[in-house]
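Novice: Let the sequences and hints guide you as you build the complete structure.
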Amino acid sequence: MADRALNRRVFLAGSAAAAGGVALAATPALARAATPRIPDVDIPQAARNDPSEATLAEAVVLMRRGKLTATELTEAYLERIERYDAVYQAYAEVTGDSALAAARRADRGQGPRGVLRGIPLCVKDNYFTDGVPTRCNSLVFEDFVPDEDATAVARLRAAGGIVLGKGQMGPLATTRATAPNGTVTTVNAWTPDDPSVDPGGSSTGPACAVAARLASSSIGTQTGGSIVLPSNQQNLTGLKPTMGRVSLHGVIPLSFTRDHAGPLARDAMDAAIMLQVMAGPDSRDPRTLGLPDVPDLIGAATPVAAKGAVRMRRATKIGVPADFLATRQELRSAFLDRLDAIPGITLVDVTYPDDWNLLTGTFNAARLAERTEPFRHWLRADPTRFGVSLLSWLQGLMLSGDEWITAQRAKNHLLREVLDGVLNRCDVLLQTGPVPFDILGLPEIAFPIGFDGDGVPVGAILGGQPYEEDRLLEVAAAYQAVTDWHTRRPADPETNRSRLMAAPARPRLSAEEAAATSA
Amino acid sequence: MSEVQPPTQEELDAFVRTRLKLAGFDLTLLPEKADPATGVPTRSQVLASLRAFVASTPGAISGWTPPAPTPAYAQQASPPLLYPSVTEAWTGKAGE
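Quick note, the sequences are listed as chains A and B, same order.
Going letter by letter, the first sequence gives residues 1 to 519 in this note's numbering.
Going letter by letter, the second sequence gives residues 1 to 96 in this note's numbering.
These are calculated hints, taken from the structure and not from any lab test.
These figures come from a predicted structure and were not determined experimentally.
Warning: the hint list may mix true and false statements.
A few chain B residues that face chain A, going by a derived Cβ cut-off under 7 Å, partial list only [as the list claims (entries may be wrong)]:
# : residue
1 : 24
2 : 28
3 : 50
4 : 62
5 : 80
6 : 83
Per label pair, the in silico range of CB-to-CB distance [to be verified]:
#  : chain 1 : residue 1 : chain 2 : residue 2 : range
7  : B       : 23        : A       : 329       : 23 to 33 Å
8  : A       : 64        : B       : 23        : 51 to 61 Å
9  : A       : 193       : B       : 14        : 41 to 51 Å
10 : A       : 452       : B       : 34        : 29 to 39 Å
11 : A       : 44        : B       : 60        : 48 to 58 Å
12 : B       : 34        : A       : 400       : 30 to 40 Å
13 : B       : 18        : A       : 293       : 42 to 52 Å
Built from N, CA and C at the ideal position, the CB exists for glycine as well.
Specialist: Put into structure tokens, the structure is as follows:
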């Protein structure tokens, strides 16, 4: 296909340049391409009335038109955090004073002048943030205050983004957000009175912050579904890019071969804007070097129409495995029918290879050795600091080197089964779960497609070819142009004292449950 | 090849304890009774969990080989890759 061939040419050209002695960018900021521009999206009345209702793109347009200031937007979020976060517990740390100072500088025309100028963001607490505690929600990092930003955070700030605070997370990026001892903290923004409802993890706080209108957008990490699952559970659009698209420098590791950084956003456009800013080569993360250029993600997330009807930007075959949403037949049918009605989309039934369950199930355990190695110091010094999360770190000690190598061999085998088999029959693939594409480092997007009988959001996960985040965004944007699931917002929680006193006790995960559900 | 009998619980226990010790992990740093303050598993919880893990997972992984007519060809098949998607770009295969 033409665009894929182009990717290869870009790669080869890049290789030639590197071989010719062209220096790689020494700092993240220098690696940036032309400044992206956000299109003039329509502004709904709700966003005009209350800036916390605005998507990131809508807020940028309102500011561009002089209808909103960075200070007003930041204050709106801080007021909501003050009022509601005792219930949600989306934030581990709120940096209100520095956020307001940055917003005021932006309004005075000072500071970074990038595409995110004046936009308040929530950052998962496993990204280094200069001078701000980065605890990864674990006693292991209880006193850790980095002296630099992670590359992804530095790029967001360089584009004008304002860090509103650090998002609560599963301890060490493992489960839904709990205290280190397993007691549930962050709730699903759609069911704030019922902490037993799964909010998705481990980027639970960043998801809740965006869903509950406590931030414009957020960034999380994913090793075993930690961006797409909380996005699905809380009605968001989450984008886990291809391995290497976003630098992992300054992200506390869970698995060196499977960690990914990406946005949790209100819709496809917002996810595209965030990823466009975060992505690109970084000399401090060799996984990001020598890859195809980041495509025009904002363009990909801009819906196109012909004669008033939304159509696909490019003809796209979507693979549908039999087990996709198999337990929710009504939602499955409605979703697939809606997709199928978009001109340019063709649905294709696909089947998995025979060894799919083995290579994406049992072999998922191979990642555990990778979390053990960088944490040996603390395992030896004081394992109680791992709290409820300890077991999976010790499981990693029980795998031998030859077994780990076998798992890497199996990855290559699985990759060929996916690229030469399943994805040979389609451009993108609906997923039953996130793990197969996590193992392979292939991109995935999550987006809302409805609600279950209890009012909890349900989403789809779509996987793509290497470096084709743009294709995923095209599908999500077209679907969102003909549906309104992504525009639904949860009601604000009750905050009166008697209601809070009557709230059910927060459940607690056992060590065995934490190991079984760990990313 | 002769059929190897699966390890007994005692053998699994000895393996787990030895492996922990070789890795410098001091089991006695963990509580003997549940500690709600930290939520950390007890010594017996750790041993039971690791025995179950060792009995099920490593063998399932090491029992797999890529499909090939003989072991000599299996050695050549699917070379181990750390970063499959990144390797696609580095080998120029991405997007072919």
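Novice: Determine which of the earlier numbered hints do not hold for this structure and return their numbers in increasing order.
Specialist: Result: hints 2, 7 break, sorted rising.
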